Amino acid sequence: MKRLQYILLLALMFAGALQVRAQQPEQVIEIPLPGWLQVKESAISRDSILVGEQVVWSTVMEMPQEQEIMFAPYSAVVEAEKAPIDVVHDIQIDTLAIKNGKKELQARILLTSFDSGYYKLPLMVALTPQGDTIYLDSPFLDVTNTQIDTANFVMHPLKGQARYPLTVKEVLPWVALGVLVLLLGYLLYRYIRYRRENRDFFGKPIVQDPPHIVALRELDKIRGEKLWQNGKEKLYYTGITDTLRGYIEARYGVGAMEMTSSEIMESLKGRDIEERRYSELDGLFRTADLVKFAKYVPQVDENEEAIPVAVRFVNATFEQELQQEKQNGEE
Amino acid sequence: METVNIKELNERIQKESAFVDIISMEMNKVIVGQKHLVENLLIGLLADGHILLEGMPGLAKTLAINTLANIVDAKFSRIQFTPDLLPADVIGTMIYSQKSEQFQVKQGPIFANFVLADEINRSPAKVQSALLEAMQERQVTIGDNTYKLPKPFLVMATQNPVEQEGTYPLPEAQVDRFMLKVVVSYPKKEEEKLIIKMHNAREFPKAQAMLKPEDIVRAREVVKDVYMDEKIEKYIVDIVYATRTPEEYGLGKLKDLISYGASPRASISLAMASKAYAFIKRRGYVIPEDVRAVCYEVLRHRIGLTYEAEAENVTTESIITDIINTVEVP
Chain Z
297 MKRLQYILLL
307 ALMFAGALQV
317 RAQQPEQVIE
327 IPLPGWLQVK
337 ESAISRDSIL
347 VGEQVVWSTV
357 MEMPQEQEIM
367 FAPYSAVVEA
377 EKAPIDVVHD
387 IQIDTLAIKN
397 GKKELQARIL
407 LTSFDSGYYK
417 LPLMVALTPQ
427 GDTIYLDSPF
437 LDVTNTQIDT
447 ANFVMHPLKG
457 QARYPLTVKE
467 VLPWVALGVL
477 VLLLGYLLYR
487 YIRYRRENRD
497 FFGKPIVQDP
507 PHIVALRELD
517 KIRGEKLWQN
527 GKEKLYYTGI
537 TDTLRGYIEA
547 RYGVGAMEMT
557 SSEIMESLKG
567 RDIEERRYSE
577 LDGLFRTADL
587 VKFAKYVPQV
597 DENEEAIPVA
607 VRFVNATFEQ
617 ELQQEKQNGE
627 E
Chain W
5 METVNIKELN
15 ERIQKESAFV
25 DIISMEMNKV
35 IVGQKHLVEN
45 LLIGLLADGH
55 ILLEGMPGLA
65 KTLAINTLAN
75 IVDAKFSRIQ
85 FTPDLLPADV
95 IGTMIYSQKS
105 EQFQVKQGPI
115 FANFVLADEI
125 NRSPAKVQSA
135 LLEAMQERQV
145 TIGDNTYKLP
155 KPFLVMATQN
165 PVEQEGTYPL
175 PEAQVDRFML
185 KVVVSYPKKE
195 EEKLIIKMHN
205 AREFPKAQAM
215 LKPEDIVRAR
225 EVVKDVYMDE
235 KIEKYIVDIV
245 YATRTPEEYG
255 LGKLKDLISY
265 GASPRASISL
275 AMASKAYAFI
285 KRRGYVIPED
295 VRAVCYEVLR
305 HRIGLTYEAE
315 AENVTTESII
325 TDIINTVEVP
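Top to bottom, those sequences are chains Z and W. According to our numbering, the first sequence is numbered sequentially starting from 297. According to our numbering, the second sequence is numbered sequentially starting from 5.
In isolation and in its complexed conformation, chain Z is listed as follows (with noise of 0.2 angstroms):
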């Protein structure tokens, strides 16, 4: 509460120091430093500039290091005073050294102004929490116009508006943009590749297993697991189904898997499959029929002889594929 009231104490007497300077006629006043402060410096980077052209104002000041000031915004002292210039960055204080229990502040505005002419900038106004305001003074400023040559002068056509040059903080996010996208764009094309050629990511060839080796890994897999000996026998004639329905998949290219029991037998009726094996894989077909949708409970013969079965199946559709190869190799 205490610090609010300051605050607001502070920025009463800034207004009214303000104010009073606002109201003081046209000249130049000598308003006389307290003691404990030394402005050691107070200095513009340029005495002259051109129209726009921005100049830095520097004051060193000295003072106890107790001894705390505050500096009115200068924006505020160049809007009551209703000077011809332009605050681009507003006073900023820095502390430049400590010793010997003084302390050496720079006080530094940014400038520019848009009116021709010869000015003495307005004065810098701090205040102390004793209740003390402070001038400091200020130099002198040229701003000036280009000259023109009136005698020899041209028409030049209108220039287009410049641009800064760009800085690499501006830069460097969208090149790192492009290349994570390039980089993307390089690893999605190696997963494409690779995956065509039949590799994992890393380049290493993924060998696959060939139908028939799945199939029958699969069914002595399901042998092995005791199902209908367990009274699973719908889940026993399933993984059956579905490992020939895998195979045929894989092995002739039909979608068995979304085709019904007669469709399947329907497709393979063109296949040169032994007539044998054909009548038997339809008789498995009808029993897992029999058995997922119609609660049948098969006899024991018939649960052992349905991996038998699968495996013939499998077995004689392989050897039939490869002796077709070999011929096919030897014409």
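Treat the hints loosely; a few may be bogus.
[Said to hold, decoys possible] Derived lysine-lysine pairs resembling DSSO-like cross-links, with alpha carbons at most 27 angstroms apart:
id, chain 1, residue 1, chain 2, residue 2
1, W, Lys285, Z, Lys565
2, W, Lys228, W, Lys216
3, W, Lys228, Z, Lys591
4, W, Lys110, W, Lys130
5, W, Lys216, Z, Lys591
6, Z, Lys336, Z, Lys465
7, Z, Lys522, W, Lys235
8, W, Lys193, Z, Lys591
9, W, Lys228, W, Lys39
10, W, Lys19, Z, Lys591
11, W, Lys235, Z, Lys528
12, W, Lys193, W, Lys210
13, W, Lys216, W, Lys39
14, W, Lys79, W, Lys39
15, W, Lys235, Z, Lys591
16, Z, Lys517, W, Lys235
17, W, Lys39, W, Lys155
18, W, Lys238, Z, Lys528
19, Z, Lys565, W, Lys39
[To be verified] Covered by chain W, according to a simulated footprint, are these stretches of chain Z (three or more residues, beta-carbon under 8 angstroms):
id, stretch
20, 423-437
21, 581-589
None of these hints come from the bench; they were simulated from the model. If you're wondering where the values come from, they're calculated on a predicted model, not measured in any experiment. Yeah, the Cβ is synthetic: ideal placement off N, Cα and C, and Gly gets one too.
Starting from the structure of chain Z, add chain W where the hints point.
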């Protein structure tokens, strides 16, 4: 686990479904070809559902249902839907009798076992509503009294796929009440030659009354007993869900073509129609083939197409084909 003796079940179905062969035989005496139509009439009859027929005039639609009525020895009536038809012309009304000096109920043509609603889309919505409400509730209210419709009660409504001008297309909610929508096509050349021969003969063959309506009612109870495994139920649900969220079944390409999918009533109808189909095939249990056999008839009128689909000439049939070729068969 409850076990079903498949032999016993099949024997029962064999016995109870014997009349299916009789009906088919008698129908074939009169109807040449149109096996698909006859089969679906039987499915509708056994599954207690109504049928919407779409086909050009002269394709034996009326003859088919009339013959079926003759075979079952049931009451048949035909209502020609016209723009000036009133609900009372369908369901009946109260008539003042001067003799008894009081109002008497005059039942409409809907009080029959087999009703042919010819060109249903030619009548305004209020008449369609009256019929469809009676179809759903299986009862009609005239005055203060409610009258039960006879059993079996089968409505076969027809629609002409051409001449759409001046018609009142059935709203989606009303169409959903039909269990099956059957598209009737022209007969083959050989069949058409046979039709001419039959008509040139001195006497047109007539189907004999071989059954009683009670036989159909009893058969319906047996159809309900046809065993449907959980795997088949899941298959049905998957098919119906694929019409609603095709992207979940790897059919993302259908997402923009379907404006609305099939309702839960479609699942019920698909299950009942599959059971009836299994019964016709003399089986006591449903297999995936049965579901696929009735899939088009049950779903084709329950899937809404988007403008995009219509612009690309995509039909509900092609969508159903894609779905049944993608959903895994149990």
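Query - Indices of hints not satisfied (ascending) - result: 5, 6, 8, 20
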